[in-house]
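Asker: Please model the complete structure; the sequences and the hints are all you need to start from.
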Amino acid sequence: MASLAGPVQGQARADEKRGKRDTQKSRRALFSVSQHRKSPGYPTSWASRWKHRQQTPAIPRIGGGSPRCGTPTNTPLALVRQQHGLITPDDESEPEVVLPQTIQIGPEVYTLSRFYANYATTASIVFFNQLPDHYKSDLSEASHTRHATHAVALASAARQLHQPGLMLEARQHYGKAIGTLNQALRDPVRARDDGNLVTMFLFGMFEVIVGKRSPKAIDLENNVFPHGTGGLQLFKFRAEQGLTNEVDRGCFMFFCHAALMEMFIQREHLTGIWSVLEEVDTPWGKGPVLEPLVRQVVDFKKAFDFKMQVQGDVSKLTAEPAEDLTELVKSGISLSNDLEAAVTLLGFSGASSFSGQPQRVFNGLFTLSSDVSVALARSHYRCLKIFMLERILDLKGILKEAPVKIDAEVGKMPSWSDGVAVVEEVLDDIRAVFGLDGKEAPADGLPYRTMTMFWPMVLVRTSCFAGPHNGRWVAERMLELTSEAGFGLGVEAANL
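Residue numbers (this note's numbering): 88 to 583.
Keep in mind that the hints were calculated from the coordinates and are not lab data. Don't take every hint at face value.
Unchecked claim - Computed beta-carbon distance windows for the label pairs:
#1 424 <-> 266: 21 to 29 Å
#2 502 <-> 258: 47 to 55 Å
#3 571 <-> 435: 45 to 53 Å
#4 380 <-> 226: 37 to 45 Å
#5 330 <-> 424: 40 to 48 Å
#6 389 <-> 428: 16 to 24 Å
#7 217 <-> 378: 16 to 24 Å
#8 428 <-> 192: 26 to 34 Å
#9 389 <-> 551: 17 to 25 Å
#10 551 <-> 372: 33 to 41 Å
#11 277 <-> 371: 32 to 40 Å
#12 192 <-> 502: 54 to 62 Å
#13 435 <-> 227: 44 to 52 Å
What the hints assert, rightly or not - Capping the alpha-carbon separation at 27 Å, the derived lysine-lysine pairs in BS3-like fashion look like this:
#14 483 <-> 388
#15 394 <-> 323
#16 417 <-> 388
#17 499 <-> 389
#18 394 <-> 499
#19 526 <-> 499
#20 417 <-> 394
#21 388 <-> 487
#22 499 <-> 487
#23 263 <-> 223
#24 499 <-> 417
#25 526 <-> 487
#26 487 <-> 417
#27 526 <-> 483
#28 394 <-> 483
#29 483 <-> 499
#30 373 <-> 394
#31 373 <-> 389
#32 323 <-> 417
For every residue, glycine included, the Cβ atom is placed at its ideal position computed from N, Cα and C.
Answerer: Encoded structure:
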């Protein structure tokens, strides 16, 4: 068996020989270096810089500002430069540049200013201009007007910007407004506050902006008047307590306008809210606030509906004396001519007349302050004329089946082309209001103009005089404008 000590002894002898050889013969250096030459080492500035970097702690920036574009005077590098005289007095006096911090604001602030620009700044309805004042009258958490204003502003922005999160916050403010309003109405003192009416008005705006879906063609009863009965009761209470003022008048006039719009858009019947409205006593009289010409048109509609709906079919109408129908036709033609005269009178209102006392038209609702406001008011009178021409032609068809001919005293009967011509005029008004005629439209206020032009656009679109081409044009423009403006009721009506 081989010994294990052999390899170890052999390795030891090899190491011994290698050590003797190294001691006997020294290695020769590749380069000869002088024994008296010193190594240059690191520069003094480098050593000082490293020393300060190791010893001086980092100085935090006050206020979280960004670092300066230049060299600060309190950093380690700056201290080194000061020691070696590399910093001048001008450098030391240079101010530190600090970037401003971002200001965080909530959606309520942003949407509120947006809401004022959309609905209050350029409005020709005076009550809309006063909404910012009502908001600022009470900024507490218990203010239902404040919550209602934020609900409308957030809902409008959610529709315009397609932000469902804003709509969720809008409904939260809407719920708070309802709760705080109920508490205020139970308080004998707070129940007399003018802000209660403003909140009811804002509730109506919220409903039309959201635009609930409905199986009906245009369900104004649920979309416009979900709080209608409560609003009328509040009007009655304030009138009985002698609290009526300009706030009541402004809210009541717009309430009457919405009810009037519903009655003429729903051509087939009288709406329930209008029957209740006619029984309300106000300091301005009993019933809705209407100018004489518009009131005569309403009376004509009631008489026509009584003939067509209460008395039954055409055979019963033709069996009656023709004098009643003839008088109704004569009244309709006269009112149609008066409406045309009102439109012509508005045509004389040019830009030069806006500098004086503001002129209020169409039940005193619209103030003439610009060419756009004139076109807006003019379209409403023309809508009533379209309705009158539709009813006159219906009566003309009934009288043709009667055994008695139409009396010559009736005068010239309107024709189908007359109705088509009025529709074309309303289309021109729509182009003028929204800047579709090539002229520059106002930069702000598109949602307000869309809301106030809802009646003319819907009535023209559903008129028999529109035809497929004009009806399709109105539907397309209506969908574009209401979608951009965030007007939910208009979007729902345009999609039908």
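Asker: Could you run down the list of hints and mark each one as holding or not?
Answerer: Hint check results:
| no. | hint | result |
| --- | --- | --- |
| 1 | 424 <-> 266: 21 to 29 Å | violated, 52 Å |
| 2 | 502 <-> 258: 47 to 55 Å | holds, 51 Å |
| 3 | 571 <-> 435: 45 to 53 Å | violated, 33 Å |
| 4 | 380 <-> 226: 37 to 45 Å | holds, 43 Å |
| 5 | 330 <-> 424: 40 to 48 Å | holds, 42 Å |
| 6 | 389 <-> 428: 16 to 24 Å | holds, 23 Å |
| 7 | 217 <-> 378: 16 to 24 Å | holds, 22 Å |
| 8 | 428 <-> 192: 26 to 34 Å | violated, 52 Å |
| 9 | 389 <-> 551: 17 to 25 Å | holds, 21 Å |
| 10 | 551 <-> 372: 33 to 41 Å | holds, 35 Å |
| 11 | 277 <-> 371: 32 to 40 Å | violated, 26 Å |
| 12 | 192 <-> 502: 54 to 62 Å | holds, 60 Å |
| 13 | 435 <-> 227: 44 to 52 Å | holds, 49 Å |
| 14 | 483 <-> 388 | holds, 16 Å |
| 15 | 394 <-> 323 | violated, 32 Å |
| 16 | 417 <-> 388 | holds, 14 Å |
| 17 | 499 <-> 389 | holds, 24 Å |
| 18 | 394 <-> 499 | holds, 23 Å |
| 19 | 526 <-> 499 | violated, 37 Å |
| 20 | 417 <-> 394 | holds, 15 Å |
| 21 | 388 <-> 487 | holds, 21 Å |
| 22 | 499 <-> 487 | holds, 15 Å |
| 23 | 263 <-> 223 | holds, 18 Å |
| 24 | 499 <-> 417 | holds, 10 Å |
| 25 | 526 <-> 487 | violated, 46 Å |
| 26 | 487 <-> 417 | holds, 15 Å |
| 27 | 526 <-> 483 | violated, 40 Å |
| 28 | 394 <-> 483 | holds, 14 Å |
| 29 | 483 <-> 499 | holds, 12 Å |
| 30 | 373 <-> 394 | holds, 25 Å |
| 31 | 373 <-> 389 | holds, 17 Å |
| 32 | 323 <-> 417 | violated, 38 Å |
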